[in-house]
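The chain contents come next:
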Amino acid sequence: MVAPMTPYERAIATLNNEPVDEYAAYPLVCGLQRRLLPGTVTYKQWATDSNLCAQSYIEGFNKWKFPFTVTLEDLSVTAHDLGANVRMDKENTPFVDGHIIHDMEDYDKIQAPDVTQGRTGHLIRMNHKVVEGLKDKSFVIAFLEGPLLTLSQSAGAERLFMDMFTDPAPVHRALEQTTKMCCDAVDKIAEAGVQGMCWDYLWGNYTVLGDKEYAEFEGDKYAKATNEATRRNGLGLGIHNCADMPHLDTQINKFGVDVYSLAYYPLAEASPNMTKVIEDGYADKCTIFGNIDPQMFMRNTYEQVYETTMNLCQEAKTALCKRGLNTHFCVSSGCEVPPDLECHIDNVTAVMDAVHKFGAGQ
Amino acid sequence: MSKEEIFEELANAVINCKADLSKAAAEKVLAEGINPVDAINEGLVKGMNVIGDKYAAHQIYLPQVLVAAHAMYAGLDLLLPAIPKEDLADAKKAATAVVEGDVHDIGKNIVKTMLTAGGYIVNDLGKDVAPSKIAETVKGEGIDILCLSTLMTPTMDNMKNTIDLLKEQGTRGNCTVTIGGPPTSPSFAEEIGADHRDNNAQDCVNWLKGQ
Ligand code: B12
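So the sequences go chain by chain: X and W.
Under the working numbering, the letters of the first sequence match residues 655 to 1016, in that order.
Under the working numbering, the letters of the second sequence match residues 132 to 342, in that order.
Chain X on its own, in the form it takes in the complex (with noise of 0.2 Å):
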């Protein structure tokens, strides 16, 4: 029996494999939150003003008492200061709806911007603001989307993608300057106090692009970059991958991260279940988030997601404890915890209830 912890103490111990209380438990809920701020805080509102966005994570540990605090706002946000034309409807996950790559001599056009301006300032801010207000209290780790993320963002994947086999060269200067954006902007977002930052590399995926793809376009040298400028920083390495068939070998051993984040999907064969990721080693040297379908949280009920939770505990135990691990596990929800109208706040504290309950480690 651990005593009982601080969810700050939780985290530290988590991310130390030392025993914990209860295991760590973070669905990630982001956008979600504007629904605990007073009145009514619209998608666009929570997307653009940086001062009720830090207050809506802020509220968020306020409710759940989250070990840690992943500031994600969207997957557009690099992307729109490049001038991708972004869609904000009042309710809905901003997204790209426009690109700005149309020929070959297009991506020569990318150039990093000054980071503190425009959406990625945006972010900077809100970091302060979160960090300000949780320090000490939870672990912030800010999201940023990586530098191939970016430049599909930016260019349209499809498009990227074939340029990538045919001619590469304008592709690798485009990503030069991605990744640039990418440092500049860990270096502000360090200067906010906060204590990880979380990459997502979501196209080190098997069913999009192989090894060989993928270190050529983002592992070995783009990544390397933005990696090391986390490193330089201080702060911890995560990364998020919500795909279905993660490159974990690379992401995970070949990066040495800290965190990785993981989703899992059932239906497709090979994607890997939280008792394979962590009997396979991956748990050994970071800490595994995963992996409660986020679906659930929308169709599902308070009881349907407490027993999935309890479940997952229970698996992640059985297999921390063959590997002969105390904890590197936080219970997590794969991907973004979907931000609509529909979906229900209750069944986040179904998974925080459910971790009291059973989530007692070792």
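Misleading hints may appear alongside valid ones.
To be verified - When the alpha-carbon atoms are kept at most 27 Å apart in a straight line, the in silico DSSO-like pairs for lysine-lysine are as follows:
1) K791(X) - K971(X)
2) K698(X) - K149(W)
3) K264(W) - K223(W)
4) K744(X) - K717(X)
5) K763(X) - K834(X)
6) K264(W) - K744(X)
7) K791(X) - K834(X)
8) K1011(X) - K791(X)
9) K291(W) - K744(X)
10) K1011(X) - K930(X)
11) K177(W) - K224(W)
12) K976(X) - K908(X)
13) K930(X) - K185(W)
14) K744(X) - K258(W)
15) K159(W) - K866(X)
16) K149(W) - K866(X)
17) K875(X) - K834(X)
18) K154(W) - K216(W)
19) K340(W) - K291(W)
20) K878(X) - K842(X)
21) K908(X) - K971(X)
Everything labelled a hint here was simulated from the structure, so no lab data went into it.
Keep in mind it's a predicted model, so treat the numbers as computed, not measured.
Fit chain W with the ligand to the supplied structure of chain X, relying on the hints for placement.
Structure of chain W with the ligand alone, referenced to chain X:
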């Protein structure tokens, strides 16, 4: 050059992702007066199937599939218009769409490519498509097969909304509806009144062929 050799050129152009060679071989088909339907089936489609199988076996990845598909379309652009109208009378019409609210279109595009390779005449409505637009197309063009895709939970309901509209306008019975994308499941397909749900494009085309 024999017919078979030209077919092989077409298949190899797709397998080797060479749009210019695919076009050149298609031109030979036309110049030699070879039946374009045979050239499509014995050449381009054969090549695309090799690519589809290699992709399913993780021997090649998405960039290559996309470029191979581009090569296939380069040949098709020349061969399709050369097919005599009466030969097309039997070909089934399919429509593909990612439902409204969702911009994930990579999977749908693979479905479109495999349907084309399977001999269907495909009208691709794109991504983020409103149920009303899909229903109008089904009615207006007499679509036989509708393939709906979504990768997001919140937008799954738009699959149901689309099928409801087809029922309302009385076209549901004439059209086979298949759905796909990771959040969907066979039970969801049943719940919303779709005919079929598949894990991937290739299997779906095989299922359709068996109907
Ligand atoms: C790539 C990707 C993106 C790219 C998409 C680029 C593009 N042009 O499509 C970008 C970065 C733009 C993106 C954006 C977002 N994404 Co995204 N994305 C993915 C990811 C990692 C891979 C999808 C993919 O392309 N796979 C490769 C293709 C080949 O596979 P596929 O689409 O599944 O298709 C195959 C089969 O499913 C099937 N199939 C597909 N359709 C059909 C149809 C029929 C009829 C049939 C028979 C078969 C079939 O056949 C295909 C192969 O044969 C998935 C996670 C995952 N692993 O699925 C998340 C995922 C889909 N994204 C997700 C989210 C949340 C988002 C964002 C909201 C993120 C954000 N907060 O900003 C935005 C969405 C904006 C919007 N409104 O649409 C979530 C959706 C969660 C949910 N269930 O609701 C996922 C599932 C991640 C997760 N675990 O949470 N994303």
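CA of K744(X) to CA of K717(X), is that 27 Å or under? Holds - the C-alpha atoms of K717(X) and K744(X) are around 25 Å apart, at most 27 Å.
| said: Need the status of pair K1011(X), K791(X): alpha-carbon distance at most 27 Å? | reply: 22 Å, holds
message = Check the hint pairing K340(W) with K291(W) against an upper bound of 27 Å on the C-alpha distance.
response = 24 Å, holds
Exercise. For the pair supplied as a hint, K698(X) and K149(W), confirm whether the alpha-carbon distance does not exceed 27 Å.
Key: Given that 27 Å is the threshold and the Cα spacing comes to 45 Å, the pair is violated.
_Straight-line alpha-carbon gap K264(W) to K223(W), limit 27 Å_ = The given pair, whose Cα atoms are some 20 Å apart, holds under the 27 Å limit.
inquiry  = Please verify whether K791(X) and K971(X) have alpha carbons no more than 27 Å apart.
reply    = 26 Å, holds
Given the hint that K159(W) pairs with K866(X), does the C-alpha gap stay at or below 27 Å?
-> Violated, at about 36 Å.
* Holds or violated: are the alpha carbons of K291(W) and K744(X) at most 27 Å from each other? -> With a Cα-Cα distance of about 23 Å, the restraint between K291(W) and K744(X) holds, given a limit of 27 Å.
Notebook entry, point to check: Hey, K149(W) versus K866(X), does the alpha-carbon distance stay inside 27 Å?
Noted result: 21 Å, holds
Holds or violated: K930(X) with K185(W), Cα cutoff 27 Å?
26 Å, holds
Does K930(X) sit within 27 Å of K1011(X), going by the straight-line distance between their CA atoms?
24 Å, holds
| task | Quickly compare the C-alpha distance for K177(W) and K224(W) to 27 Å and report which way the hint goes. | result | 21 Å, holds
Of the numbered hints stated above, those contradicted by the structure are hints 2, 7, 15, listed in ascending order.
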